[in-house]
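Dock chain B against chain A, hints included.
Same order as they appear, the protein sequences are chains A and B. Going by our numbering, the first sequence opens with residue -7, and the numbers climb by one from there. Going by our numbering, the second sequence opens with residue 5, and the numbers climb by one from there.
Quick caveat, the hints were computed from the structure, so don't treat them as lab data. Check each hint, because a few of them may be wrong.
[What the hints assert, rightly or not] Partial list, derived from the structure: chain B residues whose beta carbon lies under 7 angstroms from chain A:
# : residue
1 : L64
2 : R99
3 : K138
[Claimed, not checked] Label pairs and their calculated CB-CB ranges:
#  : chain 1 : residue 1 : chain 2 : residue 2 : range
4  : B       : Q98       : A       : P38       : 39 to 45 angstroms
5  : A       : Y33       : B       : N170      : 29 to 35 angstroms
6  : B       : P145      : A       : T139      : 31 to 37 angstroms
7  : A       : E135      : B       : E30       : 25 to 31 angstroms
8  : B       : T185      : A       : Q24       : 30 to 36 angstroms
9  : B       : H91       : A       : Q24       : 40 to 46 angstroms
10 : A       : I354      : B       : S74       : 56 to 62 angstroms
11 : A       : D3        : B       : H91       : 29 to 35 angstroms
12 : B       : L75       : A       : A324      : 46 to 52 angstroms
13 : A       : T341      : B       : Q19       : 42 to 48 angstroms
14 : A       : E315      : B       : Q143      : 41 to 47 angstroms
15 : A       : Y33       : B       : Q19       : 30 to 36 angstroms
Virtual Cβ for every residue (Gly too), placed ideally from N, Cα, C.
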Amino acid sequence: MKSFNHSELRDFLEDESFRMWVFGEATPELAQWWEQVPLLYPEKAPVFHRAKETLLAIQGETFTLPPARVRHNIRRITEATQPAVEPLNPERRYTLPVWRWAAAAVLVIGMAWLGWDQYQRVSDPTTRIYQELTTSAATPLEEVTNTTSDNKLVMLTDGSSVLLLPNSRISFPREFNSHAQREVYLTGEAFFEVAKNPEKPFFVYANNIITKVLGTSFTVKATKDDQINVIVKTGKVSVFTRSDKERVEKQQSKQLAGLVLTPNQRMVFDQEDGRLLRSLVDSPTILDIPIQRAMFEFSGTPINRVFAALERAYGVEIVFDEEVMKNCFLTASLDDEPLFEKLSMICRTLDAHHEQMDGKIIITSKGCR
Amino acid sequence: MIDTAPLNDNPLDQQLWQLFKDGNHEAFEQIIERHYDSLFRFGTRFTKDISFIEDCLHDLFVYLWEKRLSLSATDSIRKYLFKSFRHKMLLELQRVQRRGWVSEDEASELPSEQNFQDVLFLLEKEQLTVHKIKHVVNQLPIRQQEALYLRYFEGLDVDQIAHIMNINRQSVSNHLHKALTFLRDHWEDSIIPMLLLYVFGPFH
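Just chain A, same shape as in the assembly:
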């Protein structure tokens, strides 16, 4: 698989694949290979371990920032260097800087002190509207607030999953099933994967806009400033304003109406003139929630890696017996299903079961042969 005649410390250090393995960047195959080197070549084990420790010592106490903070910092830079807006081709030119500014604002709130944060909550229009909507809702709502610096997974009773970004709040009825429509209220930013149910459309209320979904994945961003963004990853959504006169009809129709968005399209609502502007997501770098870009393509992948990928994307802990499931491999292409559907599909393939307990996912399996 790989030529191996390393004898000295330097031979190991100079080997890029060895370094990648030590720093956790190696492919599974490569990692597996390096892990068995001390067993295959016991005479080289001491220098092998020494090389590994040396590399870790060279890495030392250096560290990187949490991704949310990096995003915030990068936004600040792009904001500070954004070229002046030109009036040509107004729609496209206009939406781009607005988006960046809006994005920066979300994260700025996240960094703020608690006192300032509290003050913001009462004074900014998005939160005010959110509070109005949630207090006037007909049914008792459950609220989830994400005050951490990581994305938070929220699972709704209809099987949809929501990845709530830091400093965001979402409210939803405890039991979707007893309602004719599924309605949630958002302030901040969240990525939705909606369970398909054409009988019960899914609505996201954020600031003055309403996003209607029939089953898809998309992001809504409604922060303290005046712009609200909706970005579609898969499927179709329609967006309209709360003040929209035809709102009632649009909401009730089973078809989508209003401004329809398809994948890689973005909608920006400009509060000042109350217009909905549609544009393309012009660069994948703008999709900065990992799951928005994530593709879950597995081909004969060991199950622990499959679960690790899901854990990363959803920020949720998956508990399973590694020993029992060591012979389980998955070949599947998963995309915009909510987490629970993904798990159901995986479990069906492997004849396993999953349940949710204390915010963790527990997998039970008798193993695979």
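Chain B alone, transformed into the frame defined by chain A:
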């Protein structure tokens, strides 16, 4: 002689850099996104003051954007950024020390309130392994440590390291060679003090 091809440098660097110089903001963003993490990490070698490093990076990128027309071409964006960032960091650290605000050591021990959670979060992740050989590496002259880091953590080649550290190629090779020799000769040291520490530890 320690010498290999540069690792993980993008062959399209020259074009990307040219696009950025021509005022393409998307290209600029790509450059930032690609290099922010590793530059920040490199910064933590000089100080543990997170906001200080963040500010340096912010100023550096804003400066690069404003001066993009007068920047020279480069075959490796990483090399270019590491060099300018290192220069900037050292300059700013000197400036702070002259003003007598805070020393580098103090900065590393007293993260500002705002950063405290981040630091805790990061330390938890970093302290999972106790590196036996760490104190041997720490005995190396600071420039040797830096050369080791750039060579074996960042995977840069000798030419690039020379450029970044502003020394000649031969000096980089010497630093690396001396460092490795020292590490080889002092390997045993890294075991004995650990035992001493273990025996005498409770009395401190």
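Self-check item: Enumerated hints in conflict with the structure, sorted upward
Solution: 1, 2, 5, 6, 7 and 15
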